[in-house]
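Assemble chain F onto chain P, guided by the hints.
Number of protein chains: 2
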Amino acid sequence: MDQILGWLAWIAPAVALIGLVAAAWLAAWVLKQDPGTPKMQHLSGLIQKGGKAFLIAEYKSLIIFVVVVAILLTVALPNKEASWLTALAFVTGGVLSVAAGYVGMYVATRANTRTTQAATKGIAGALRVAYRSGMTMGLVVAALGLFGIALWAIFFLINAKHPEPEIVDGFVMGASSIALFARVGGGIYTKAADVGADLVGKVEAGIPEDDPRNPGVIADNVGDNVGDVAGMGADLNESYAGALLAPMVLAVAIALTGNSAFSGDVNGTVFSVDGLLAIIMPLLFAAGGIIACIIGLAAVNTNDGSKIHKALNRGTYVTSGVTMLIIAGLCYAWQMVGDISAMWFCGCAAAGLAAGLAIGKLTEYYTSYHYKPVKKIAEASQTGSATNTIEGLSTGMLSTVAPALVLVVAVAIAFICGSQVGAGTELAAQFGVYGIGLSALGMLSTTAVTVGVDAYGPVADNAGGIAEMAGLPPEIRERTDALDTVGNTTAAVAKGFAVASAAITALALFAAFYTNLDRGLSLQGLGNLEIILTDPFVIIGVIIGAMMPFFFGAMTMGAVSRAANKMIVEIRRQFREIKGLLAGEEGVEPDTEACVTISTNAALREMLLPGILAVFIPVVLGILDVNILAGFLVGVLACGFLMSVYMANAGGAWDNAKKYIETGVHGGKGSEAHKAAVVGDTIGDPYKDTSGPSINILIKVVTVVSLVFVPLFISLGGGLIHGMFS
Amino acid sequence: MDQILGWLAWIAPAVALIGLVAAAWLAAWVLKQDPGTPKMQHLSGLIQKGGKAFLIAEYKSLIIFVVVVAILLTVALPNKEASWLTALAFVTGGVLSVAAGYVGMYVATRANTRTTQAATKGIAGALRVAYRSGMTMGLVVAALGLFGIALWAIFFLINAKHPEPEIVDGFVMGASSIALFARVGGGIYTKAADVGADLVGKVEAGIPEDDPRNPGVIADNVGDNVGDVAGMGADLNESYAGALLAPMVLAVAIALTGNSAFSGDVNGTVFSVDGLLAIIMPLLFAAGGIIACIIGLAAVNTNDGSKIHKALNRGTYVTSGVTMLIIAGLCYAWQMVGDISAMWFCGCAAAGLAAGLAIGKLTEYYTSYHYKPVKKIAEASQTGSATNTIEGLSTGMLSTVAPALVLVVAVAIAFICGSQVGAGTELAAQFGVYGIGLSALGMLSTTAVTVGVDAYGPVADNAGGIAEMAGLPPEIRERTDALDTVGNTTAAVAKGFAVASAAITALALFAAFYTNLDRGLSLQGLGNLEIILTDPFVIIGVIIGAMMPFFFGAMTMGAVSRAANKMIVEIRRQFREIKGLLAGEEGVEPDTEACVTISTNAALREMLLPGILAVFIPVVLGILDVNILAGFLVGVLACGFLMSVYMANAGGAWDNAKKYIETGVHGGKGSEAHKAAVVGDTIGDPYKDTSGPSINILIKVVTVVSLVFVPLFISLGGGLIHGMFS
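Protein chains in written order, with the working numbering: chain P, 18 to 743; chain F, 18 to 743.
Pulled out of the complex, with its shape left as it was, chain P reads as follows (with noise of 0.2 Å):
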C-alpha cells in the first residue's frame, strides 16, 4: 500500500511536465504570430533589449547574493549533513524562479507587437494573443514551482528514515530571495521610469502619453514587463511554492509526533496511510489546479469588446470550479483509503479559494470606476490635488476592512474544519492548523490563471504604446485600449489576491516555524516552546514588525523618488540638447537607452538594501531570541498585510479615477479636475507598484527565512538572551 502511495508523488512532477508543454505550446503559438510592420518589430526590439539587459544585470548581482546565502546556508545551519543539501535547495528555488521570469518576459516582450498587429484585425485575435502570452508566464510558474517542490518531496520521503524536512523548506527561500529581489528592484525600475516619463513628458512637456518623442518611454515599456510579469510572476511563484511547503512541513511534523492517525512507528521513519497522504495531498491539489487551469484557458474568447473582462473572469471561474472538483475528488478518494474524514480538508480548501475570489472582487470594488469609491476621488478631484489626495489615501484605508475580516473568516472557517479532523484528540489543534495551510494552497491552486491574467496587462499595454509609437491608425489603438483598460483592473485584482495569498502562506508558513522549532527544542530536552503573547519580548518583536512595513514602504518610495529625479533630469537634458526632437522633426530620436540605463542602474543599487534587510533581520533576531522572532513575524505579516492592501488599493483608485476623469466627466482630460487626478496617480504609482507589492514579499521572506534558520536557533537553546530574564 505504501508503495502504491509513494508512487502518487510522481503525479505532480508529472502534471507539472504537462504544464510546461502546454506553456511551450502557447508560447510557439504566440511567436508564430505576425509580429508586423518593421517600425513596430523595431519598437518591440527596444523593448526585449530593456527587458533582458534589466534581467541579466539583476540575475548577475543575485549570483553573489545567492552565493554568499548558500556558503551562509551551508555554514550557519548546524546539521552539517542537510546543510548542503538546503543550500542546494536554495540554489534551485532561486534558478526556477528566474527560469520562470526570464521565460515570461522572452514571450511577453514578443507578444506585444503581435497583440498590436492581430488588433488590426479585430479585437478576439488580439486578446488571444495577450492572454496566451500572459498564460505562457502563468504555467510556467505554477509547473516550476511544482516540480521542483515535488522532487525535493520526493526526495525526502524516499530518505524519509533520515528525515530532515528543512531542506525542502531551502527550495523555497530561493524562489522567496529571487522574488524579493524582482518585486523590488522591478517595482522601482518601473516606476522611476514612470513618474520621470510623465512629470516631464505630460506635465512639463504636455506631449501625449507613449509619445515617440519622449526618451523615458521605452523604458517605462520595458518597466511594465519587469514589474508586472517578471515581478508579479516571482511573487505568485514563490507564494506558491510557501503554500505548497506549508502543509507539508506541518504533515510531517504531526507524522513525527508519532501519536496520531498520521502517525506510522513512533520513529516516524514509516508513515501511516494517512499520514503519508497528507504529506503527498498539497502535491496532488496544486496538480489538479494546473490541470482545471489548462482546462480554464479554453473559456477566455470573446469578439466583442465590452466583453474582454467577462471572457477573462469566464477563464478564473471555470478553472476555480474544475479546481474544487478535482480537490473534492482527491479529499473523496482519501476518506476511502485513509482512516480520517478527509472530506473537511475540503471546506479548508474552498475557505482560501473563496477568500481570493472574494479579495479579488473587493479590490475590484475599490479600485475600478465602476463603483462609488472611485467616483469619489474623481469628484473630490474638482477641489483641487489635496483633496484628490486625501480622499485616495482615506479609501486606501477603508479598503484594508473588508479583505481583512474576509482573510480572518477563511483562516477560522479552515482552522474549524481542519480540528474537526483531529476532534476529541490532543492533535485538534495541530490538524486545524493544517487546514489552514491547505487553505492557502487553495487559495493559489489558481495560481497559472491569476499570474496569467495579470501578465496579459502589460503585453496589451504596451501593444498600445507600439501602436501609439508607430503611428498606426487611432482604431488600433481604441482596441488595444479596450484590451488595456481591461489589464488595469485585472492587476489590480491580482495584486488583491496576491497580498491575500500572501498573508495566508506566511500564516501557513509561520505555523510550520513555530512546530519544527517546538519539536525541535523539546527534542533537545528544551521541553516545549510555548510563545505566550505577554511576554514583553513578544509584543517587543511585534512592534518591531509592524514598523518593518513602514521602513520598507520609506525606503522604496525614496528610492523611486530618488530615480524618478534623475530621469527626469536626463529627460529634460534630451529636450534640450538634442535638436528637433520636441519639434517632432523627422529622424531625430531620444536617446531611450540612457533612460534605460537610469532605471536599471537605479534598480539595481536600491534594491539591495532592503532585500538583505529582509533577509538579515530575522536571522538576527531568531539568534537573539525566538520569542522576539515569533512576535516579529506576527507583526510584519499583520501590519504588512494591511499595508500592502492600503497601497495597493490606494493606488489602483488613483489610476482610475484619472482614466474615469478622461472618459470625459468632471470636465475631462485637461481640466483642472484632471490635473488633481493626475498628481494622485503619480503619488499612486510607487504606492500600488513599488511599495505595496514589496511589502507583499517582505511577509513571506521573513517567515521563510526564519523557518530556514530554525535548526540554528534550535541549537542555540532558543536563542541567545531566550528565557533569561523571565
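A hint or two may mislead.
Identical copies carry no separate label here, and so any pair may be met within one copy or between two of them.
[Claimed, not checked] Within a straight-line C-alpha distance of at most 25 Å, the following computed BS3-like cross-link-like pairs (lysine-lysine) qualify: (1) K389 / K583; (2) K686 / K392; (3) K393 / K583; (4) K583 / K392; (5) K219 / K56; (6) K66 / K56; (7) K393 / K692.
Hint data in this document are derived by calculation from the structure and do not stem from the laboratory.
Frame of chain P, contents of chain F only:
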C-alpha cells in the same frame, strides 16, 4: 507601620490640591493681564463663544453616552456590589476630564488677546502670558487625574478586605471615553475649519491667512483651541490616569498571588510593607512629578525672541531632572523601609522618562525645518505636489523606525530592571511587567509640562490671528509669529510624546488586563490562561487589531473631507452673496457663526461612530473569546503606534516644509514650490491633527475598556467560543 504607610497615600491628593492651587494662581494671573483694545476683545470674544459653544454641545451629547455606558457597566459586570461603583468611578473620570478641558479652554481663549496685548511691549511678556496659560491647563490635567485616581485608590485600600480593584479601572475608562470624543471631535472640528478656510481663502480668493474677511477664520481659531488644548489635554489626561492605574493594578495582582515580597497574608487582604508601597508608590511618583513641574515653571523665561525654544526646553529638562531626583529618593526610601531592592524601579522610571524625551527629540528631527527630512520635502516641492506628497509620505513612514526602536528598548530595560527585583523567584516576570508600568509612569510624570508646552501653541497662534484681524502694526505680528513658530515645533514634539506615552501606557494596561483575567479565571477553577501567539484565534485578533488604525484613519479622514466640503460651500456662498465682503468694505462682516456651527455639527455627528466602535468592538471580541481580544489589543497597539507616529510626523513635516519655503527658499511664498507645499500641508492637516491623534486614543481606549470588562469575560469562562476548537 501599615497605618503610617497607609497615610502616605494621602500625600497624592494633597499634592494634587497644591497643583490645583498653582493652576488657579496662574489662571488668575493670566486673566488679570490687559486684554487689549475693544476690537481685540471682540475677536477674542468670538473665539471664546465658539469654543464654549462647541464644548457645551459636545458635553451634552456625551451625557447620553456616559449614561448609557454607566448603565451598561452596572448591568453587564457580574459582581453587583462592585459594578455600580465601577460605573460611578467611570462617571467621575469623565467629569474630571471634562472639567480639565473646560478650564483649559476657558483660560486659553482668554489668554490669546492678552498675549497679543503683551506682545505690543515685548516678547518676554507675551511668552509669559501664553506659557502660563498653557501651564494652567497642564497642571489642571495632571492634578485632576492624580486627585481622582488617588481618592479611588485610597477608597480601595480602606476597603481592602473586600478588594475590587476594577473599580479604579472605571475611573480611567471615564477619562478615556471623554478623551476619545474630545480628540476625534476636536480633530474633525479644527481641520474642517482649517482646510475649508484655507482652500477657499488662500487658494481660491487669494487672501492671506487669518484675514478678517474670511468667514472661516474664527472657526479655525476656535479649532486650534479645541484640538490642541481640549483634545491634547484629554489625551494626556487619559494616558496619565492609565499610567497611574496600570502599576497599581499589577502590584495588587502580585500581592494577591500571596506568594511574593508584595504579599501580606495569603488572602491578600493585608498587604506586606512592600506590597503596600508598590501600590502607593505610583501615586507618590506622580505627586513628585507635579511638584517638579511647578519648579520647572520658573525656568521658562526669556527676553530674546530667538531663545523661546530654548526657554521652553529648559522648563522640560528642569522638570525631568527634578522628577528623577524625587523618584530616586522615593525608591531609596522604599529600599530602606522594605525588603526588596527597590532601587531597580528607579531604572524603570528613568527608561520611560528618557524614552519620552528621546522620542520628542526624534519627532523634532523629522518635523522641524532645521533638519534634513523637512528640507528634502521642500526640495521635492520644486517638481510639484506629487513629488512633495511622495516625499512627505515616505518621510512619515521612515520616521517611525527610530521611535519604535526607542520604545522597545525602553520597554526591555524597564522589564529587565523590574525583573531584577524578583530575580530568582518565579515572579520575576511579574515584577518586570510592574517595571514596565513604572516606566510608563516615569514618562508621564512630566505630563503637566508637556501639556503646558503644547497648550501654549494655540494661544500664540490665536494671538497672531487676533493681531492680524485687529489690524495691529506688523511688528506685533512678528513677535507673535516668533512664539507661534516655536509652538508648532513644540506641538509636534508633544504629539510624539503623546503617541509614545499612549503606546507604553497601553502596554502596561494590557499587562494589567491579562493579569486580572488570568487571576480571575484561575479563581474560577478554569486553570491558568495562556495566550499563545501561535493560536490562530490570537493571530486573527492581531490582524483585526492591526486593521483598526486603518479603519479609524479612513473614518476620520473621510469625516474631515466631508466637513471641509460643507465649509467650502458655505465660505464660497458668503463671498458670493455678502456684498462688499471680499472687497473689504468698511462695516461689512462675514457670518463667522455659520462656519462655527458647521464645524461644531460635523464634529459632533462624525465623532459618534468611531467612538462607539472603539468602545464596543473590544467588548464584543472579549465576549467571543479572550484570545481574540488579547491578539486584537496587541495588534491595535503595535500597528496603531506606528500609524499614529507616521501620520503625525508626515503632517508635521509637510507643515514645516511649507513654512520653510515661506522663509524664502525655493522661490518663497507664491512660487510653484510653495503651491506644491501648500498641497502637502493640506493633506497633512487631517493626518497630524485628526487621524493620528485619534488612533492614539484608540490604542488606550480599547485596552482600558477590555480591562474594565474583565469580570464579564471571566464570568463567561473566557468567552463563548473560548477553547472550543483547540
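Check K686 against K392 for me: Cα-Cα at most 25 Å, and say if that holds within a copy, between copies, both or neither. The answer is within: 16 Å in one copy meets 25 Å, while 34 Å across copies does not.
Since the copies are identical, ignore which copy is meant and state whether K389 and K583 lie within 25 Å (CA to CA) inside a copy, between copies, both or neither. between (37 Å within a copy, 20 Å between copies)
Is the C-alpha distance from K393 to K692 at most 25 Å within one copy, between copies, in both cases, or in neither? Answer is both; intra-copy 16 Å and inter-copy 24 Å each pass.
Identical-chain pair category, K219 with K56, by Cα at 25 Å: within (24 Å within a copy, 51 Å between copies)
Tell me, please, which holds for K393 and K583 at an alpha-carbon limit of 25 Å: within, between, both or neither? Between copies only: 15 Å across chains, 34 Å inside a chain, cut-off 25 Å.
Please sort K583 with K392 into within, between, both or neither, judging by C-alpha distance up to 25 Å. between (34 Å within a copy, 19 Å between copies)
Can you tell me if K66 and K56 fall within 25 Å by alpha carbon in one copy, between copies, both or neither? within (15 Å within a copy, 73 Å between copies)
The earlier numbered hints are all upheld by this structure, with none contradicted.
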